[in-house]
Amino acid sequence: MLIYKNRNTFLQKLHPLTGILFLTVYIILFLQINNPIYLFTMLISLLILAYLDGSLKDLFTYGKIILPFALLIVILNPIMVHDGSTVIYEGHINYPVLGPMRITLEAVIYGIFNGIRVMCVTLTFGLGNLIIHPDRAFGFFSKFLKKSSLLMSMTIRLFPTMMTSYENIVNVEKLRGNKMLHKDMKKTIKASGNIVNILFLSSLEDSADMAESMYSRGYGALKKRSSYFHEKFTYRDIAFILIYICIFVYFQYFNFKGFNVLNFYPKVDNPIKALSIEGYILSIMMFVPSLIYWGWKNWK
1 MLIYKNRNTF LQKLHPLTGI LFLTVYIILF LQINNPIYLF TMLISLLILA
51 YLDGSLKDLF TYGKIILPFA LLIVILNPIM VHDGSTVIYE GHINYPVLGP
101 MRITLEAVIY GIFNGIRVMC VTLTFGLGNL IIHPDRAFGF FSKFLKKSSL
151 LMSMTIRLFP TMMTSYENIV NVEKLRGNKM LHKDMKKTIK ASGNIVNILF
201 LSSLEDSADM AESMYSRGYG ALKKRSSYFH EKFTYRDIAF ILIYICIFVY
251 FQYFNFKGFN VLNFYPKVDN PIKALSIEGY ILSIMMFVPS LIYWGWKNWK
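No gaps in the numbering here: position 233 of the sequence shown is 233 in our numbering, and each next residue is one more.
Calculated from the structure, these hints are not laboratory results.
It cannot be assumed that every hint is accurate.
[Stated by the list, open to error] Calculated pairs, BS3-like style, for lysine-lysine (alpha carbon to alpha carbon, straight line, at most 30 angstroms):
(1) K13 x K273
(2) K273 x K257
(3) K257 x K232
(4) K174 x K186
(5) K232 x K5
(6) K57 x K174
(7) K5 x K57
(8) K187 x K174
Please model the complete structure; the sequences and the hints are all you need to start from.
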């Protein structure tokens, strides 16, 4: 399941602002952290939260979807980037645009690191889709952002909705006896093109249905819109907000003091030697919300 499903869990009961805040902090850290050890530590803290929430299996579905793109980054980076001092392979044929093939260890490692980073960010967005009720989030933010909140809500729903439609189309094609994979590459591309065409037409029909539904309900006709959700902050919301604000502020200090420096070019720095006490503190802080969640599950 790639979309929200009500399971009445701790994370789903959080205020929409709290959920978006802690996911935003995760995304910022995943995008800015340079040490792979810290990156893995933060990823583990995110997976523990998903495990406690009971959404780890659904979260791995997002990982399977983004895995081919991550592998593409791993492959393309050493081919496109020739920087680095440790040469693994050096060819003599001058290829158009790319020039002579030169693959370095640094480019390979940096490609792997960025592939994992892309997976981490995707898993964060996936967890957001699983724990944040889209209507609750839209109802809360529409009071301040108005039309922008609608655009944000539709954008968040776009990826899981299209993937669900894609799976349905593939299953229908299989039931009709049409093969998706052929030995001939041209036939495979043609079959994939048919699926993309159906998906495009289906998306257009869904857009028209959504527009008609919004028009019939009078969306935007009144200056003050009605709301079915009345959100209130609880003690756990306040605790999560304070924790992630502290994490964000501490990370800025961590970054400013130079503890986040790790060079990949011209030679890769040793990530173990780049570890520091400040990094350990940051890593421990990332697991505090999981401890709160664990305590809530065992003491309620």
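> Can you give the numbers of the hints that this structure goes against, from lowest to highest?
Replying inline: Of the numbered hints, 1 and 3 do not hold.
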